[in-house]
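Peer 1: Chains as they are written, first to last, in our numbering: chain A, 13 to 209; chain E, 108 to 597.
None of these hints come from the bench; they were simulated from the model.
Quick caveat, the model's predicted, so the values are computed rather than measured.
Every residue gets a Cβ at the ideal spot worked out from N, C-alpha and C, and that includes glycine.
From the structure, some residues in chain E lie toward chain A, with a derived Cβ separation under 8 Å:
no. : residue
1   : PRO252
2   : ASN265
3   : ASP299
4   : TRP317
5   : GLU328
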Amino acid sequence: MAKKKFVVGCFNDEAVLFPAVKKIRTAGYKIHDVYTPFAVHGLDHALGLRETSLHTAGFIYGVTGTSTAVGSISWILAKDWPLNIGGKPSFALPAWIPITFELTVLFAAVGMVLTFCYLCQLAPFVKKHHFHARATDDLFVMVIECTDKTNVDDLKSFLSNCGAIETDVQVAEDGWWLGRYDKNEILFENKQTVAAY
Amino acid sequence: MHLKYESQLREPLVNGEKTFHQVTEDIVRPIEAKPSRLWYIGFYIAVALLLFGIYSIYRDVTYGIGQWNLNKTVGWGWDITNFVWWVGIGHAGTLISAILLLFRQGWRTGVNRAAEAMTIFAVMCAGQFPIWHMGRVWMAFFVLPYPNTRGPLWVNFNSPLLWDVFAISTYFTVSLLFWYSGLLPDLATVRDRAFTKLRKRFYGVASFGWTGSTKHWQRHESLSLVLAGLSTPLVLSVHTIVSFDFATSVIPGWHTTIFPPYFVAGAIFSGFAMVQTLMVIIRKVFEMEDYITIGHIEAMNKVIVLTGSIVGIAYLTELFMGWYSQNKYEGYTFWYSRAYLFSPYGWSYWGMMACNVLSPQIFWFRKMRRNLFVTFFMSIIVNIGMWFERFVIIVTSLYRDYLPSSWSVYYSPTIWEVGFYAGTFGLFFTCFFLFAKYFPVIAIAEIKYVLKTTGESYKDKMGHLENVAPEVFAHSGHGHTVVENDGAAH
Numbered sequence: 013m014a015k016k017k018f019v020v021g022c023f024n025d026e027a028v029l030f031p032a033v034k035k036i037r038t039a040g041y042k043i044h045d046v047y048t049p050f051a052v053h054g055l056d057h058a059l060g061l062r063e064t065s066l067h068t069a070g071f072i073y074g075v076t077g078t079s080t081a082v083g084s085i086s087w088i089l090a091k092d093w094p095l096n097i098g099g100k101p102s103f104a105l106p107a108w109i110p111i112t113f114e115l116t117v118l119f120a121a122v123g124m125v126l127t128f129c130y131l132c133q134l135a136p137f138v139k140k141h142h143f144h145a146r147a148t149d150d151l152f153v154m155v156i157e158c159t160d161k162t163n164v165d166d167l168k169s170f171l172s173n174c175g176a177i178e179t180d181v182q183v184a185e186d187g188w189w190l191g192r193y194d195k196n197e198i199l200f201e202n203k204q205t206v207a208a209y
Numbered sequence: 108m109h110l111k112y113e114s115q116l117r118e119p120l121v122n123g124e125k126t127f128h129q130v131t132e133d134i135v136r137p138i139e140a141k142p143s144r145l146w147y148i149g150f151y152i153a154v155a156l157l158l159f160g161i162y163s164i165y166r167d168v169t170y171g172i173g174q175w176n177l178n179k180t181v182g183w184g185w186d187i188t189n190f191v192w193w194v195g196i197g198h199a200g201t202l203i204s205a206i207l208l209l210f211r212q213g214w215r216t217g218v219n220r221a222a223e224a225m226t227i228f229a230v231m232c233a234g235q236f237p238i239w240h241m242g243r244v245w246m247a248f249f250v251l252p253y254p255n256t257r258g259p260l261w262v263n264f265n266s267p268l269l270w271d272v273f274a275i276s277t278y279f280t281v282s283l284l285f286w287y288s289g290l291l292p293d294l295a296t297v298r299d300r301a302f303t304k305l306r307k308r309f310y311g312v313a314s315f316g317w318t319g320s321t322k323h324w325q326r327h328e329s330l331s332l333v334l335a336g337l338s339t340p341l342v343l344s345v346h347t348i349v350s351f352d353f354a355t356s357v358i359p360g361w362h363t364t365i366f367p368p369y370f371v372a373g374a375i376f377s378g379f380a381m382v383q384t385l386m387v388i389i390r391k392v393f394e395m396e397d398y399i400t401i402g403h404i405e406a407m408n409k410v411i412v413l414t415g416s417i418v419g420i421a422y423l424t425e426l427f428m429g430w431y432s433q434n435k436y437e438g439y440t441f442w443y444s445r446a447y448l449f450s451p452y453g454w455s456y457w458g459m460m461a462c463n464v465l466s467p468q469i470f471w472f473r474k475m476r477r478n479l480f481v482t483f484f485m486s487i488i489v490n491i492g493m494w495f496e497r498f499v500i501i502v503t504s505l506y507r508d509y510l511p512s513s514w515s516v517y518y519s520p521t522i523w524e525v526g527f528y529a530g531t532f533g534l535f536f537t538c539f540f541l542f543a544k545y546f547p548v549i550a551i552a553e554i555k556y557v558l559k560t561t562g563e564s565y566k567d568k569m570g571h572l573e574n575v576a577p578e579v580f581a582h583s584g585h586g587h588t589v590v591e592n593d594g595a596a597h
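In isolation and in its complexed conformation, chain A is listed as follows (with noise of 0.2 Å):
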C-alpha cells in the first residue's frame, strides 16, 4: 500500500472514451483503472485486461460440490448406516441426483460469489479512494498513474485533447483500508514504503 500521483479524466461518452483509451495508451501511458457507471462492453479489452478466469473457479467449485453429495451421501447411505428399503440397493445413484444438483449448483454460487468479492476486494466496511463521485453516476473516469518522466500538464492538456471534460490531479491510495464512507480518514498515511516505480 501506498500512495501514488494520478492524473485523472473525465469523459461522458462512451464513444469518445474509446478512441481516447487507445490513443492515451499508444503516447505511452499507463492507464491505472477506468471507472465506469455500467459495465461498458469492449472496456477491458481496450485496456489490455485479460480475460477473468472467475468462471473456471465456478466450473472447479461445482465439481467439488457434486463430488461432496456423491462421496458423503453413498458413504452415509452406504456404508455408515446402510438401510433396508423394502430390500432395494443401497447404493440407490438416481435417488441422489436431485440433492446432488442441488450442492453443485450451491458450491459454484457460494464459491463464485466469495472469489469475486476476493479479487475485486469487496466486504463490508472496506474502503477505497474514490477519483470521482460521479463515477458511478454518469462519467467514465480514466485515472493514468505518473511516473517520475511524466509531465502532469501535458498529459492534462492531452486528455483534453482527448475529449477528457474534466482533469485532475490527485494523490490517493491505491488499495484498500477498513473504513467509513461517512468519515474522511485516511490511513496508510506518510507510510515509508518503496513506491512500486
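Go by the hints and put chain E onto chain A.
Peer 2: Below, chain E alone, put in the same frame as chain A:
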C-alpha cells in the same frame, strides 16, 4: 460489443429524453425523499399482519399444531398449500433475471431487481410453513445431515422431503447472492450521492466499497452470466422437487408424472402475477412509468397467458387420465372429489378453473394486455386461482382416503391457520416496503447499459445504421468514431 443493435420497430424500453444522470435521479429519488403517507399506511398494515402471524405461531409452538384443524386424513392443509403457493411465487424473480438474461430479453432490465427481491421474500415466507409444521420446531435442525450422538443416525437422502430442504435452501441462497451481487453497483451509486451521514455510512457498508473499476465490471459480468446459467436449471429443479413431494407418493391425484412440468408452469404463472401486482403499484407510486413501461407489462401478460394455458392443458390431461386409466381411485378423486361441482370441495376446483384457465384468456387481446386495471385485477385473480390449485391438490386428495371409515369431516382452517398465512403476507410486504424505500427498485446500471440502444430518444439516432453494410457495422462503433480495439478478439 458493436453487434448490439435494436430495430427501431421495437418498442423503446425507456421512454422520454433520458441521460445517464437523469436515470440515476429518477430511480434514486424515492430513496432520498421522505416516505409518503401511503407508504406508512401500507407499512403499518404489513407490520400489523406480521405481528398477528407471530402471535399465531407463538400459539402454534405453545399448544402444538393441534390448534390447526388438521385431522387424521388431512395431515396437510393450509400450511403446505401456502408453502407451495409462496414457493411458486418465488419463481418469477429468478426466471426473469436468469432465464430471460440467457434469452437476451432486454425488457427484463426494468423489472428484474424488484422481481428478484420479491422472490427472496416469497421464499422466506414459504420456508416458514414446513418449519413450523414440524411442531417441535426446536428440533428443526434434525433435517440437516450432521454427525450426531444418535448413531450417528443420518437423514434419508432418498426422501423427496429432504430433497426439498436442499432445494429450497439452495434456491434461497443462490437467489440472495445473485440479487445482492447485482445490487452492489447500484448501492454504490446511492452512496456516492448521499449527503446525510447516516446514509453515507449505511450505503458505504452495504456497497462493499464498490468503485466501478473496469476489471471489477468484467468479473461482475462473468459472475452474473454464470449465476444466471446456474439459476436457470435451479429454478426449474426447485418446483420439480416440490412436485416430487406429491408425485412420489401413492395418493390418487398426486401419483402422476405430469407434476414437474405442470408445477413449474404454475409457479411461473403465479410468480409473474405477483410481479405484475407489485409493478403496477411501484411504477405508479414511484413515478417510474418511463422505466416500467406498458411494453413491460404487456410482455409479462404474454408470459401469463402462455403459462396459464400450459396449466390448463395439465388440468385437462389429468382429468382425461383419471378416466382413461380406469383406476377407480383416480376416477373418484378427479371426477367426484374435484370435477363434480356439488362434491364437498367441488367449488374450489371450479374456482381454480375459472381463475387460472378461463380468465387469463382475456390476454389474447392486445388491448387487455396493455390495460393496467385489467392487468392488476387479473394478477390478483391468478394468485387466488393458484392458491386454489394447491388447496385442491392437497385437500381433495386427502379428505377421503382408501378407508371410508376414516373419511374426515369437512376440513376448514382455524383462525390460527389463517393467522399464520396472514402473517406471511405481513412478512412479505414488510420486507418489500423496506426494500422499496431503502434500495433502488430498478437496476440502475443495467438500465444505463441498455439506454443507448433501447431508449426512446436514442432509437431515432440509430436509423442510419439500417443503411450501413454489415461488415462496416460489425467493426465500427455504431457509426460514431471508429473504434480500433487492440484486443479485437471478440
